[in-house]
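Trainee: For chain F, the structure is supplied; the task is to place chains H and C on it using the hints.
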Amino acid sequence: MKLSFHLFKYELLFALANKGILLSTSFFIILILIVGIGFGQIGESSEKTLLAIIWIAISLSSLLSIKTMFQEDFDDGNLDLYILSNTSIETIIFIKSIVHWITTNLPIITLIPLISFPLGITIYHSILICLVMLLSTPALSFISTIGAALTLGEKGGNLLISIFILPTFLPIIIFGMKISLLITTSNYDIMAHLILFALSLICIAITPFITSLIIKIHYT
Amino acid sequence: MIKFRKNILEFANPNNFLSIANKIIPFFLILTIIILSLGLVWGLFFTPEDYRQGSSVKIIFIHVPTAFLAINIYFMMLLASIIWLIRRHHVSLIAAKSAALIGLIMTLSAILTGAIWGKPIWGTYWAWDPRLTSFAILLMFYLGYLSIWQTMKFSDKIGDLSSWLCIVGSIFALLSRYAVFFWDQGLHQGPSLSLDKEENIDNVFYFPLIICIIGFVLLFLTLLLIRIKTEIQKRKINILLNARDG
Amino acid sequence: MLDFGKYTFEVLISYAGTFSLVSIVIVSTYLDAKKVKRDLKNLNTDNLNDK
Numbered sequence: 004m005k006l007s008f009h010l011f012k013y014e015l016l017f018a019l020a021n022k023g024i025l026l027s028t029s030f031f032i033i034l035i036l037i038v039g040i041g042f043g044q045i046g047e048s049s050e051k052t053l054l055a056i057i058w059i060a061i062s063l064s065s066l067l068s069i070k071t072m073f074q075e076d077f078d079d080g081n082l083d084l085y086i087l088s089n090t091s092i093e094t095i096i097f098i099k100s101i102v103h104w105i106t107t108n109l110p111i112i113t114l115i116p117l118i119s120f121p122l123g124i125t126i127y128h129s130i131l132i133c134l135v136m137l138l139s140t141p142a143l144s145f146i147s148t149i150g151a152a153l154t155l156g157e158k159g160g161n162l163l164i165s166i167f168i169l170p171t172f173l174p175i176i177i178f179g180m181k182i183s184l185l186i187t188t189s190n191y192d193i194m195a196h197l198i199l200f201a202l203s204l205i206c207i208a209i210t211p212f213i214t215s216l217i218i219k220i221h222y223t
Numbered sequence: 034m035i036k037f038r039k040n041i042l043e044f045a046n047p048n049n050f051l052s053i054a055n056k057i058i059p060f061f062l063i064l065t066i067i068i069l070s071l072g073l074v075w076g077l078f079f080t081p082e083d084y085r086q087g088s089s090v091k092i093i094f095i096h097v098p099t100a101f102l103a104i105n106i107y108f109m110m111l112l113a114s115i116i117w118l119i120r121r122h123h124v125s126l127i128a129a130k131s132a133a134l135i136g137l138i139m140t141l142s143a144i145l146t147g148a149i150w151g152k153p154i155w156g157t158y159w160a161w162d163p164r165l166t167s168f169a170i171l172l173m174f175y176l177g178y179l180s181i182w183q184t185m186k187f188s189d190k191i192g193d194l195s196s197w198l199c200i201v202g203s204i205f206a207l208l209s210r211y212a213v214f215f216w217d218q219g220l221h222q223g224p225s226l227s228l229d230k231e232e233n234i235d236n237v238f239y240f241p242l243i244i245c246i247i248g249f250v251l252l253f254l255t256l257l258l259i260r261i262k263t264e265i266q267k268r269k270i271n272i273l274l275n276a277r278d279g
Numbered sequence: 160m161l162d163f164g165k166y167t168f169e170v171l172i173s174y175a176g177t178f179s180l181v182s183i184v185i186v187s188t189y190l191d192a193k194k195v196k197r198d199l200k201n202l203n204t205d206n207l208n209d210k
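Protein chains in written order, with my numbering: chain F, 4 to 223; chain H, 34 to 279; chain C, 160 to 210.
Certain hints may be false.
[Claimed, not checked] Not the full set, but computed from the structure, chain F residues with beta-carbon under 10 Å of chain H:
#1 Lys5
#2 His128
#3 Ile130
#4 Glu157
#5 Pro170
#6 Leu204
#7 Ile205
#8 Ile207
#9 Ile220
[To be verified] Below, simulated EDC-like cross-link-like pairs (lysine to aspartate or glutamate); rule was C-alpha separation at most 20 Å, straight line:
#10 F:Lys158 with F:Glu75
#11 H:Lys152 with H:Asp162
#12 H:Lys186 with H:Asp278
#13 F:Lys219 with F:Glu75
#14 H:Lys186 with C:Asp191
#15 F:Lys219 with H:Asp189
#16 C:Lys193 with C:Asp205
#17 C:Lys200 with H:Asp278
#18 C:Lys165 with H:Asp189
#19 F:Lys22 with F:Asp76
#20 H:Lys269 with C:Asp198
#21 F:Lys51 with F:Glu157
#22 F:Lys181 with H:Asp162
#23 H:Lys267 with C:Asp198
#24 F:Lys51 with H:Asp162
#25 C:Lys194 with C:Asp205
#26 H:Lys186 with C:Asp205
#27 H:Lys186 with F:Asp192
#28 F:Lys158 with F:Glu93
#29 F:Lys12 with F:Glu93
#30 F:Lys158 with F:Glu50
#31 F:Lys219 with F:Glu50
#32 F:Lys158 with H:Asp189
#33 F:Lys22 with F:Glu75
#34 H:Lys269 with C:Asp162
#35 H:Lys152 with H:Asp83
#36 H:Lys267 with C:Asp162
#37 C:Lys165 with H:Asp162
#38 H:Lys152 with C:Asp191
#39 H:Lys186 with C:Asp162
#40 H:Lys190 with F:Asp78
I should point out that these hints are in silico values taken from the structure, not numbers from a laboratory. Glycine included, each C-beta is placed from N, C-alpha and C at the ideal position.
Isolated chain F, as found in the complex (with noise of 0.2 Å):
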């Protein structure tokens, strides 16, 4: 337990030195700046559209700096010794993906009522929404792990890992999208939250077995 902790502090201060918060919440605004933009010339700017381009966006920028990581790990050698340990190399996959969401989708969500106001979301709309994507996003997160540890070794990795986990992001966007639009049309669904919230605790409770089983490929 205290050997995790310490990993925990270690990790998250490795990726706060990283910078990777300022790099994916740039990247996040200006995804959504430029769909906006685009969708404004075509006289497009309804609430519906402002909803999925930041599903969209964030789902894209919990990719981005994923490729590192297992992959830093992996070139110095730490990974042989996690699994060389004591520590159980689901922990560590658990940990590292609890890092990965408080330092990139974190600061998304906590920009969502910042940047959607100026763009037609009502303030009250947009912390409920925030609310839901605080609950549903760490899912992506760990999804995207099994994409790192498949991906694990392989130059390039970035754009495969895109193609296999975009579409594993389907049940979460789907859900995700259908229970904003129901906010902010005062159509409140507790069932569609129940199962949203079912979804995302259903995978953050598998994938770091499916992930530690693939990584374990890489070692035999």
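Mentor: Chains H and C only, in chain F's frame:
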């Protein structure tokens, strides 16, 4: 039963597979040509027009078999991947690899014929109807599975990775399918073909459709056998080259 | 002969489209098989020449 079990295990040995495949491929080829042409010609020329859909109903004879195959080939790939991960039978892995391209093409043709049929009947080529969306999802997972084989060289490690990708992909494909079906049932009618239901579609369309489905399945099996055979021979060549060059 | 009333174009284009898509797989399978057969033959003759 015991003989059957023995045969299945023998089939997993690449050499035995090759000798069996060499024997049955010509037979399958002839059968495919006969049944597929019979079904398609019957469907195209000797079926009446539907009173509502007119002659556009004839598209069903390729739309339904390709859609049926598109889903079931992915299912077959999943089973083959699981067998590879558990029993390490190389033929199983190669079968999954070889089936992927055929599955992709079947998905594309199902979407294409559906779109062409949808324009006059529903008034649109494409709508985000749940069933169409699930085919789009299937297409994405086929592309993902194919891209892992296209970018990396054949090895047991890549076999493991692709098998895991297939398993993860099918979990998420299923989840997405239910997510899409969560709110509405969409434009499609309920399943029009089933073995236990009383109300099937009319017999005039039913028999040629069944023949077409059998024909397409045979086509898939023939292509799959040839592709597996080619792949095994490719690996043999690689091994021979490595042995010769040291 | 190829006249199906109102929807002739749709029927024909969907049959032709599926046929061309499926023929992609058929042709690629055939070419692959042919290439491998030739390679195997070359390899065997090479081995004979070495000895």
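Trainee: Holds or violated: are the alpha carbons of F:Lys219 and F:Glu50 at most 20 Å from each other?
Mentor: violated (45 Å)
Trainee: So if I understand the rule, the pair passes when the alpha-carbon distance is 20 Å or less; does H:Lys186 with H:Asp278 pass?
Mentor: holds (19 Å)
Trainee: For the hint on F:Glu157, just tell me whether its beta-carbon gets within less than 10 Å of chain H.
Mentor: holds (7 Å)
Trainee: For the pair supplied as a hint, F:Lys219 and F:Glu75, confirm whether the alpha-carbon distance does not exceed 20 Å.
Mentor: Since the Cα atoms of F:Lys219 and F:Glu75 sit roughly 16 Å apart, the hinted pair holds (cutoff 20 Å).
Trainee: If you draw a straight line from the CA of H:Lys267 to the CA of C:Asp198, is it 20 Å or shorter?
Mentor: OK: H:Lys267 and C:Asp198 at ~9 Å, within 20 Å.
Trainee: With the threshold set at 20 Å, check whether the alpha-carbon distance from H:Lys186 to C:Asp205 stays at or below it.
Mentor: violated (25 Å)
Trainee: Take the C-alpha atoms of H:Lys267 and C:Asp162, compute the straight-line distance between them, and say whether it is at most 20 Å.
Mentor: Violated. H:Lys267 to C:Asp162 sits at ~46 Å, over the 20 Å cutoff.
Trainee: Given the proposed pairing of F:Lys158 with H:Asp189, does the C-alpha separation stay at or below 20 Å?
Mentor: The hint holds at about 19 Å.
Trainee: Check the hint pairing F:Lys158 with F:Glu75 against an upper bound of 20 Å on the C-alpha distance.
Mentor: Holds. F:Lys158 to F:Glu75 sits at ~13 Å (cutoff 20 Å).
Trainee: Taken at face value, is the distance from the CA of C:Asp191 to the CA of H:Lys186 at most 20 Å?
Mentor: holds (17 Å)
Trainee: Just to be careful, I want the Cα atoms of H:Lys186 and F:Asp192 compared with a cutoff of 20 Å; is the pair within it?
Mentor: Violated. H:Lys186 to F:Asp192 sits at ~48 Å, over the 20 Å cutoff.
Trainee: Given a cut of 10 Å on the nearest C-beta pair, is the interface hint for F:Ile220 held or broken against chain H?
Mentor: holds (5 Å)
In terms of the numbered hints stated before, the structure departs from hints 1, 2, 3, 6, 8, 18, 21, 26, 27, 28, 30, 31, 34, 36, 37, 38, 39, listed from lowest to highest.
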